[in-house]
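There are 4 protein chains.
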Amino acid sequence: MQLGMIGLGRMGANMVRRLLKGGHECVVFDMSPKAVAELVTEKAVGAGSLAEFTKALSKPRAVWLMVPAGVVDKTIADLLPHLEAGDILIDGGNSYYVDDIRRATELKPKSIHYVDVGTSGGVWGLERGYCMMVGGEPDTVKRLEPIFATLAPGLGDIARTPGREKLGGTAEQGWLHCGPNGAGHFVKMVHNGIEYGVMAAYAEGMAVLKAANIGKKGHTVDAETTPLRDPEHYQYDLNLPDIAELWRRGSVIASWLLDLQASALIKDPDLSKFGGRVSDSGEGRWTIKAAIDEGVPAHVLSSALYERFSSRGEADFADKLLSAMRYEFGGHIEKKAGS
Amino acid sequence: MQLGMIGLGRMGANMVRRLLKGGHECVVFDMSPKAVAELVTEKAVGAGSLAEFTKALSKPRAVWLMVPAGVVDKTIADLLPHLEAGDILIDGGNSYYVDDIRRATELKPKSIHYVDVGTSGGVWGLERGYCMMVGGEPDTVKRLEPIFATLAPGLGDIARTPGREKLGGTAEQGWLHCGPNGAGHFVKMVHNGIEYGVMAAYAEGMAVLKAANIGKKGHTVDAETTPLRDPEHYQYDLNLPDIAELWRRGSVIASWLLDLQASALIKDPDLSKFGGRVSDSGEGRWTIKAAIDEGVPAHVLSSALYERFSSRGEADFADKLLSAMRYEFGGHIEKKAGS
Amino acid sequence: MQLGMIGLGRMGANMVRRLLKGGHECVVFDMSPKAVAELVTEKAVGAGSLAEFTKALSKPRAVWLMVPAGVVDKTIADLLPHLEAGDILIDGGNSYYVDDIRRATELKPKSIHYVDVGTSGGVWGLERGYCMMVGGEPDTVKRLEPIFATLAPGLGDIARTPGREKLGGTAEQGWLHCGPNGAGHFVKMVHNGIEYGVMAAYAEGMAVLKAANIGKKGHTVDAETTPLRDPEHYQYDLNLPDIAELWRRGSVIASWLLDLQASALIKDPDLSKFGGRVSDSGEGRWTIKAAIDEGVPAHVLSSALYERFSSRGEADFADKLLSAMRYEFGGHIEKKAGS
Amino acid sequence: MQLGMIGLGRMGANMVRRLLKGGHECVVFDMSPKAVAELVTEKAVGAGSLAEFTKALSKPRAVWLMVPAGVVDKTIADLLPHLEAGDILIDGGNSYYVDDIRRATELKPKSIHYVDVGTSGGVWGLERGYCMMVGGEPDTVKRLEPIFATLAPGLGDIARTPGREKLGGTAEQGWLHCGPNGAGHFVKMVHNGIEYGVMAAYAEGMAVLKAANIGKKGHTVDAETTPLRDPEHYQYDLNLPDIAELWRRGSVIASWLLDLQASALIKDPDLSKFGGRVSDSGEGRWTIKAAIDEGVPAHVLSSALYERFSSRGEADFADKLLSAMRYEFGGHIEKKAGS
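Protein sequence lines, in the order shown, are assigned to chains D, F, U and Z. For what it's worth, the numbering used here labels the leading residue of the first sequence as 1, then goes sequentially. For what it's worth, the numbering used here labels the leading residue of the second sequence as 1001, then goes sequentially. For what it's worth, the numbering used here labels the leading residue of the third sequence as 2001, then goes sequentially. For what it's worth, the numbering used here labels the leading residue of the fourth sequence as 3001, then goes sequentially.
Since the hints were made in silico from the structure, they are not lab data. Treat the hints with care, since some could be wrong.
Said to hold, decoys possible - Here are the simulated DSBU-like pairs of lysine-lysine, each with C-alpha atoms no more than 30 Å apart in a straight line:
| no. | chain 1 | residue 1 | chain 2 | residue 2 |
| --- | --- | --- | --- | --- |
| 1 | F | Lys1021 | F | Lys1142 |
| 2 | Z | Lys3074 | F | Lys1289 |
| 3 | Z | Lys3059 | Z | Lys3034 |
| 4 | F | Lys1074 | U | Lys2217 |
| 5 | F | Lys1074 | U | Lys2216 |
| 6 | D | Lys289 | U | Lys2289 |
| 7 | U | Lys2021 | U | Lys2034 |
| 8 | Z | Lys3021 | Z | Lys3034 |
| 9 | Z | Lys3043 | Z | Lys3074 |
| 10 | Z | Lys3074 | Z | Lys3110 |
| 11 | U | Lys2273 | Z | Lys3166 |
| 12 | D | Lys289 | F | Lys1216 |
| 13 | Z | Lys3142 | Z | Lys3166 |
| 14 | Z | Lys3216 | U | Lys2110 |
| 15 | U | Lys2289 | Z | Lys3216 |
| 16 | D | Lys74 | U | Lys2289 |
| 17 | Z | Lys3055 | Z | Lys3108 |
| 18 | F | Lys1217 | D | Lys108 |
As the list claims (entries may be wrong) - Stretches of chain U that chain D covers, calculated by requiring three or more beta carbons in the stretch to come under 8 Å of a beta carbon on chain D:
| no. | region |
| --- | --- |
| 19 | 2280 to 2291 |
| 20 | 2294 to 2304 |
| 21 | 2308 to 2318 |
Note that beta-carbon positions come from the ideal geometry of N, C-alpha and C, so glycine has one too.
Between the sequences and the hints, there should be enough to build the whole structure, so can you do that?
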């Protein structure tokens, strides 16, 4: 079928490529004419403006937005005058699901159908396919099924879950209509929340392995440093690239994130090109807010988020206050780094 | 080569089966004659006593213990009179690595070589192969290489990590000599620590999905209950079996543990046959102790462990004390369950 | 000065009493005529309706609302027709500060001055005085100073902070103009967030003391139970009421919350009359949301909140999923309570 | 009575002073003759060697060690030849209670009585008195009662816990015989574990207050930075010294640690002289180990400990691994500090 794509960054451009390869027709627009031109060479229909873009699409239109969460509302506002009743507007970016609920409500009186799609797969999606979590009205989602089917990974060579053959559904194709508006981004939000937690679990464990030779290092003996009681228990120089590789093979914690670690560690076992300032991009935060609203304990997901905050120095004032209290009650002078 | 196996539970018996299938000769012993008899029908050499067992093995012997961590020391004590200089003793169970260090030191004067093997793979190992983390002297581990090669999963159809072809080594076969005595169980310990963390990340996230319809439920309005500000944001009845399946397909959090969730949820979407009392078996605890000795922050791994404690009611006294304090300062009467 | 009080529950009634005792004039209203009548016997001016209430107040009026957070907006709506430009409306309950910002904005066009007051002190306030955190315009807050001065504890016999004599201000009287609208409830919100964390720290520590005799108890020996390696290290039957009392005397962790624990434990050392279902009342949740918006790590405050969720069984589904995964990968059958 | 004190650092010297003031006789020894000389001018009996020290004490001797935990065993070894059956050896430092159990067992055959005393009060003890947690045999502890009674704060002007008058005991004097050997340091260990948790709760909350003006700051708009949805909710420049002072007055979280914060913040509201590298001195770590052995959840106490680790850069490798994973799956380039 035909799809219009607005936003030709890494994700949007590759989605267009996957759709073209799957036999779909794509009309594309981006603020950067160069991005448009590049996809035109790959058989997409290019547009120089939103007006041109919408004109090139047959009605009812299906328009997919793949732009940063921060500019979705503006893009919709710019696009709206060019849309008509019956058109479908898809937000495939990382919007907060609460915004989806609002947008769907705002667009409803105009009979424009809003669909939210949470997309996982990152830079690997072109090759592996995109895992898509979809929210919207059943009929609208149904109309887009050919698009989702092409973008999704499909069954591939991943083993079938026993019992799934009786259930059917699209989940094992790699896309799912999760529920009404916002449900797609809600599920994607929690997906990312889990992702933070899983990543942190590996990172902490790997750090424990990395420090397994701490018994070989001399320790300062003073009242401010806890001595290691059994240095003979920490004499291991472990090979992290090999261990990550090992665990990919038959262990309980084999995963795609572990594959990535094996790949990163083989290139640079000390990860010396990274400074350790870890960004977080919204979904992790929103997951915690949802957990709190729901009254669901989320120790692990929260800790994973806070570790990212701390990695960027955001714990500094709290830490200073701890040192200040210690100074007040015990006269403890703070130890300097490296001392 | 020839291997003696003591302990024919689920793990030990299946390891023998995999070795026999791989062309090795296995002498087997278990406290239960029935377990021995069963493997004899599958071509293992059975032994009725430790004396018979050691006699059936050619020297220098290689003896693999696959018994509960709590009886390893006793088994070694019973076995020791029958062993000779040059024999190899392998502990393939879930021992604390600190015990490995001690045992290796105790056996050294007798020239008995101790090897510790952490094994992941559970009930799936027979089919998938066992992921093995090995600690011991290089020469001893080398002698056992044929055994490890057969038990391990091998390359299989798991994609090769880019760059691994230049590195070689056994890690991508699914077994690794991690370092001196204790290193195998140390790495396995951290593996399980990570496992707890990863499992908890999924569990918390799934619980957030499960409760996404909380806005549909009426809330008690009283001073003891926090009202939900935006019930319209929590109106989703999400299909967890489908979502677990979906994420297996191209998402960032695809993993073997997710495969297992998809499988569990398809059988019983509400998991109603589980009460939610989660055991922990030592490695998670020891990982935290190591993290603390090393001074490595382990928020996520600790939280995952404590959630298991809480699931078994271990937080009860602390919770009562919280209620008691609330009663003292605010006259808050505790709310009853279901009220 | 004169103050009108709406809401004569535990808090509101006692505040009126403290104001009357301090020589102020109070006009009072409550949905329950009985509550009004009771205070009339103590020299308050009672009102049978909001109209009567506002009529009894001299202009510009000062009206203090001490009603549950959930009915503040409704109460304001009912009251508004009876108010005039220049009147002051004070919300002394546990409102979310975001609502304060909204309300102040809504009331501004009517020239009604909104003041938010976070109040700590609970049932002890009548005697000890109320610690008040105030948000609003400087002039408005200034007009209310006599009220705050009476309600607050004052210097009392609490030692003066060195250096405070040069700074002046009202903080050491026990009330503070924290900033513009919402600032009072924001500071109170974080106060309660801290309160949860401090309470949890004591509760966890006390639970560790309580279980210090665990080495005396027999342990099940099975693969699902981690054996205690050193039972001889856990042979202490500690006297918790005495320890709480002890720490009140010269220890670093002396505090009012510890006083309350000492009091609760002396009455009932096993706290057997509490079931351990701990409520949370909003501020702890909002504190975490603020921390997340600000990017400030809040491991402790979050954990304290989640422990309360868990105490009410809210972790159940996550725990079941953990058991389900364990069953899938290891065939682990869940242990029953008490087994 | 007479007491010998070994170790005249901040703590030991002040304890001697308090004992002398209380009418006791003190024989003192320290590696530094200057420290001895100083106390001699204050009426202590000085000793130039351990031989001289023990000779100066009447039998059976009572010797108090106030030396760093790391040198207690060495000091005991040096002292032992000079001691006799019936003498009492007191360790008043920060020993691990497990060492107390071992030492008591080792000294028993020599009929030397070991007593462990956990002491809280820090530099304030001389003036406020020392809160002491004592472990040892009942008879031995009884003999030392006059010493404990003088060192302890006594009733002072701290309000009596209702019901305490019927119970009696020494707890409200500020010292307590907690149980057999190790019990004193066990209780002190948990005391410090709680202390870490309480401190962290305040520190996190204060950091949330400090960042309450984050809405005034411009935010980078890019895919690596989560935008603040409601900057208008974070416009507060809060006065932390005033707020700490305020909470001392009638709030639920009034405490001695809060007094210290008020004091620290009044001197330096930005705490700019602290770098935020927070030491931990053993007890916090041991508390977690005990919690884990006991199976008691300790989310808050663990988090507080880990925040200290993180403050010293100990999370670095884990953070780098997170960045490395993000780079692998999403091509995310790490943001630099300040960008």
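In ascending order, which of the hints set out earlier in this document are inconsistent with the structure?
none
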